[in-house]
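One letter stands for each residue in the lines below.
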Amino acid sequence: DAKTTQPTSMDCAEGRAANLPCNHSTISGNEYVYWYRQIHSQGPQYIIHGLKNNETNEMASLIITEDRKSSTLILPHATLRDTAVYYCIVRVAESGGSNYKLTFGKGTLLTVNP
Amino acid sequence: SAVISQKPSRDICQRGTSLTIQCQVDSQVTMMFWYRQQPGQSLTLIATANQGSEATYESGFVIDKFPISRPNLTFSTLTVSNMSPEDSSIYLCSVDGGRGYGYTFGSGTRLTVV
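Protein chains in written order, with the numbering used here: chain A, 1 to 114; chain B, 1 to 114.
The hints are simulated quantities; they were obtained by calculation from the structure and are not laboratory data. For each residue, glycine too, the CB sits at the ideal point set by N, CA and C. Be careful, since some hints might not be right.
[Claimed, not checked] A few chain B residues facing chain A, derived, Cβ under 8 Å:
#	residue
1	P39
2	G40
3	S42
4	L43
5	L45
6	P85
7	S88
8	L92
9	Y101
10	G102
11	Y103
12	T104
13	F105
[What the hints assert, rightly or not] Here are the simulated distance ranges between beta carbons:
#	chain 1	residue 1	chain 2	residue 2	range
14	A	P21	B	G60	39 to 47 Å
15	B	S1	A	G29	25 to 33 Å
16	A	I63	B	S69	36 to 44 Å
17	B	G16	A	S9	24 to 32 Å
18	A	V92	B	Q51	16 to 24 Å
19	A	T65	B	Q14	32 to 40 Å
20	A	N19	B	K65	38 to 46 Å
21	A	E66	B	I63	43 to 51 Å
[What the hints assert, rightly or not] Calculated pairs, PhoX-like style, for lysine-lysine (alpha carbon to alpha carbon, straight line, at most 25 Å):
#	chain 1	residue 1	chain 2	residue 2
22	A	K3	A	K106
23	A	K52	A	K106
24	B	K7	A	K3
25	B	K7	A	K101
26	B	K65	B	K7
27	A	K69	A	K52
Just chain B, same shape as in the assembly:
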């Protein structure tokens, strides 16, 4: 199954600033997914990133706040813009590992906004 490298693993940021999270996959994948996990909560899908097209955002998430890039089939970035303390969460990227493997997740980026 696919192996994902996600950076940074954690960060502490000032409110009003932006953070870009990187997700690198060791194989080419069509779709990459970005999730948010707020403290003590389950995972919520933010958006789906297809290479060569605009990302598809879930209800409650907008491109201005969470711009996504997908320059090729092995890489994606998620930016958390104009951060506030409410954005403090774990952000995870995921890819479809293929038939029989389920989805593979990165280890996550633990973001704290102060």
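Bound conformation, chain A alone:
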């Protein structure tokens, strides 16, 4: 059962911010929101995760709505190398534990154009 909904594809101009939305309206109080991306022919790469507060790291920012039913991944200055499939995943537990599974949906294909 899909727990997240993402647009199939998005385009972004190089140098502009890429804002990737994700709906997770059935998220539980103890579930984290994770973002991964998969560049063609590579394994998925962890980007960022959060529970309820907004998060930022060297790759991206994660904005989670107050009701936690949706989130947005922001790549502040997209480059051509950011072209990839981006997966939004909800998962119980930040690390380890018994509920360890990552269930991948179809993700969003982000194409960064020159």
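For chain A, the structure is supplied; the task is to place chain B on it using the hints.
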């Protein structure tokens, strides 16, 4: 975070044969995960491999077809047995990178069965 080395990176195999994929991690990890990514599809979890116990398989995957070994805390193998063209996929191993790092994935094994 953990670094994974996965071998082989690709192979072309005859139907009816078997292929063993190796996954080496640079640190000790409790659980290792094996995924399959069929052409144009998202990732599907095959099984979870714990050191010292039998692997736990997801629905639709069986030990006879995908036997897994986990001899120590840094290594695992997945065998794809009695292959058919439908087994042509990318197979990836993954480990929990720990708090704050998310899951780390190997670069994958691209298998083509002819």
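Outcome of the hint check:
no. : hint                        : result
1   : P39                         : violated (12 Å)
2   : G40                         : violated (10 Å)
3   : S42                         : holds (4 Å)
4   : L43                         : holds (4 Å)
5   : L45                         : holds (6 Å)
6   : P85                         : violated (20 Å)
7   : S88                         : violated (15 Å)
8   : L92                         : holds (5 Å)
9   : Y101                        : holds (6 Å)
10  : G102                        : holds (3 Å)
11  : Y103                        : holds (6 Å)
12  : T104                        : holds (7 Å)
13  : F105                        : holds (3 Å)
14  : P21(A) / G60(B): 39 to 47 Å : violated (30 Å)
15  : S1(B) / G29(A): 25 to 33 Å  : holds (27 Å)
16  : I63(A) / S69(B): 36 to 44 Å : holds (43 Å)
17  : G16(B) / S9(A): 24 to 32 Å  : violated (39 Å)
18  : V92(A) / Q51(B): 16 to 24 Å : holds (23 Å)
19  : T65(A) / Q14(B): 32 to 40 Å : violated (52 Å)
20  : N19(A) / K65(B): 38 to 46 Å : holds (42 Å)
21  : E66(A) / I63(B): 43 to 51 Å : holds (45 Å)
22  : K3(A) / K106(A)             : holds (11 Å)
23  : K52(A) / K106(A)            : holds (24 Å)
24  : K7(B) / K3(A)               : violated (32 Å)
25  : K7(B) / K101(A)             : holds (23 Å)
26  : K65(B) / K7(B)              : holds (19 Å)
27  : K69(A) / K52(A)             : holds (10 Å)
In summary, the structure is inconsistent with hints 1, 2, 6, 7, 14, 17, 19 and 24 from the numbered list given earlier, while agreeing with the others.
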